[in-house]
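Student: In case you want the letters, here they are:
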Amino acid sequence: MRIVVASDPSNLPKLVGAAKSLSPEVIEAISTERVSVPVDKLVIADLRLNDCWTDVLSEREFDLMLLPSTRDFKEVGARVAARKGISYLSDAQELGLSGRLAATRMVFSGRGVEKLETSLPAVVTIDADSFEPVSGEPSSVDELGVSCSPKVNLIERKEREAEVDLSKAEIIVSVGRGLKKKEDLEMIRELASLLGAEVACTRPISADFKWLPEERHVGMTGVRVKPKIYLAIGISGQIQHVVGFRDAETVIAVNTDPDAPISEVSDYFVVADLYEVVPKLIEEIRRRKGS
Amino acid sequence: MEIVACAKLVYDETQMPAEGDRLLVDQAPVKISDIDRNAIEEAVRIKEELGGRVTLAVVVTGPFDETILKEALAMGADRALLVEGEIVKGHNPYRTALAIVKALERDGTKPDLIVCGEGSSDQYSCALPAMIAEIMSLPVATFVGRLEVKDNKLIVERYLEGGSEVLEVPLPAVISVTSEINEPRIPTVLQIMKAGKKEKNSVDASELDLRFPTIDLVEIRAYVRERRRERIEGSVEEVVNRIVEVLEEKGVIR
Ligand SMILES: Cc1cc2nc3c(=O)[nH]c(=O)nc-3n(C[C@H](O)[C@H](O)[C@H](O)COP(=O)(O)OP(=O)(O)OC[C@H]3O[C@@H](n4cnc5c(N)ncnc54)[C@H](O)[C@@H]3O)c2cc1C
Ligand SMILES: Nc1ncnc2c1ncn2[C@@H]1O[C@H](COP(=O)(O)O)[C@@H](O)[C@H]1O
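Residue numbers (my numbering), protein chains in the order written: chain D, 1 to 291; chain L, 292 to 545.
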């Protein structure tokens, strides 16, 4: 059994962890930088475009190829599998191997969990956060010169430094479209700071309104969080958002709609207007802290 | 422009009942996969700007509902290409991609542009557009949140986790779009009724000579996580006091 793992440097340790859990004879890793991971061979290649990743990865020999479930690698993984005409599974949260490959993954936006089986060779993208990272030194390191003729032309790349990693936050105050305007984020920030919490949001707040950066959006296409307290303010509780916080220890929701779906998935469901509750809550916490 | 919009009909996960951990999948109503509405909208907008026609390509991998298909057509597509048959049932993106490519060939459609959604609302594997592109040896851009057509080329902005990427993509090409790209139109009842008259070409998958590795669904269950579900109502003072009490209990405020 030969596993090839390819990833951006940050996800590589978790991918190698996933590969190790299947006890293969050989693990080869491919990344753009040197990373301390315990693999048989680490190949460093200056790969930027998905076209080039696809060319290079399709040339490798493997029984199983593991990639992270990022937007770029989901494209690359699907392409490598299609080019070779082999099996492809995405977003695996658990992997098993007994002749055939088994993977569990979310379906219906997280409403369900399914278990799939397929034959090797296969390409699989994995939900990196479901696996433990490993560290160590590669037995050998190789640099790969890349010559590739992409079908598309790169015009510009805009990279944004993430300001926070919400997956590690202990307390989270999260807002949704119940908030009427960007300026009202101030009171949410104030509440968060009093609680020592991070501010998070639903996808419309970051993607459509751009009131907060993308890495603060929780859910299926955003971050998965597991804080002690998740305080959801003005959030309806659509399944794509709920999957992001359902491992929270305690969920408190504030919503004016007594039938909002979030009532079903919270421990404490407060039926109230956030514009009344939040200022009063700030005042009350201040008062208690002061005394 | 010969444009193909790919759309999937799926069970609506927001209205899917469960009994314990048993997920009652087929009791949910059928809908157009959410982001495929954006894909159809984008295809129709490009046609409206540059002329041509839009073929709606649907492989019946799951549920089917004639009215929902008509609703998709009523958004402005000119015709439908439908692939049906037992062998395309279930989740297998490579098989679905092959089915679309072969059905287009048989239909005599040579697309300049194929538009998909970023991912389907039931599977979200985001695989199909990438696979269609590979099978047809076409350039591909996935997760496109902004698009411009310029002299037989697309200028697209891909929306990624840590930023974005602007690419120039020569046509013919395959793209997948994110929900930020546009606001899908909602067809009127009259438009939906009239869409029944649009051309429809149904292809039986067994005639397409599909060869693919199989994927078996071993098990599916509902995700269950029990919560306390205490309802807090009353005056602002009352609810705030209860929230503070809970926060104190949990050691968040001392
Ligand atoms: C493929 C796909 C992926 C997606 N991924 C994600 C994801 O990762 N994360 C995500 O968040 N979403 C995601 N979405 C979007 C998701 O389906 C919902 O549209 C979104 O989560 C809704 O956000 P919201 O709760 O802020 O807004 P709404 O659904 O509009 O809810 C606003 C809520 O605020 C309440 N409210 C209004 N005024 C007040 C007030 N004064 N006080 C208190 N409450 C008030 C309302 O009663 C309502 O319940 C995805 C969608 C798709 C199709
Ligand atoms: N059965 C299908 N018929 C037509 N288009 C599909 C089908 N399945 C997926 N697609 C298209 O491919 C996109 C990605 O789907 P998926 O790979 O399932 O996440 C969807 O948004 C659709 O545009």
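Any given hint could be a false lead.
Said to hold, decoys possible - What the simulated footprint calls covered on chain L by chain D, stretch by stretch (three residues with Cβ under 8 angstroms from a Cβ of chain D suffice, anywhere in the stretch; the number is not a length):
(1) 296-309
(2) 336-349
(3) 368-377
(4) 445-456
(5) 497-506
Calculated directly from the structure, the hints in this document are not laboratory data.
All C-beta atoms in this analysis are idealised placements derived from N, C-alpha and C, irrespective of residue type, glycine included.
Student: If a hint holds in the structure, say so; if it does not, say that too.
Tutor: Consistency of the hints with the structure:
Remark: the segment 296-309 of chain L is confirmed as covered by chain D, as 5 of its residues place a Cβ nearer than 8 angstroms to a Cβ of that chain, reaching the required three. With a cut-off of 8 angstroms between beta carbons, the segment 336-349 of chain L has 0 residues touching chain D; three or more are needed, and the interface restraint is violated. Three residues within the 8 angstroms Cβ limit are the bar, and the segment 368-377 of chain L against chain D gives 0, so the coverage statement is violated. Counting residues of the segment 445-456 of chain L whose CB lies closer than 8 angstroms to any CB of chain D gives 9, which reaches the minimum of 3, so the coverage claim holds.
With a threshold of 8 angstroms between beta carbons, the proposed coverage of the segment 497-506 of chain L by chain D holds, since 5 of its residues qualify and at least three are required.
In summary, the structure is inconsistent with hints 2 and 3 from the numbered list given earlier, while agreeing with the others.
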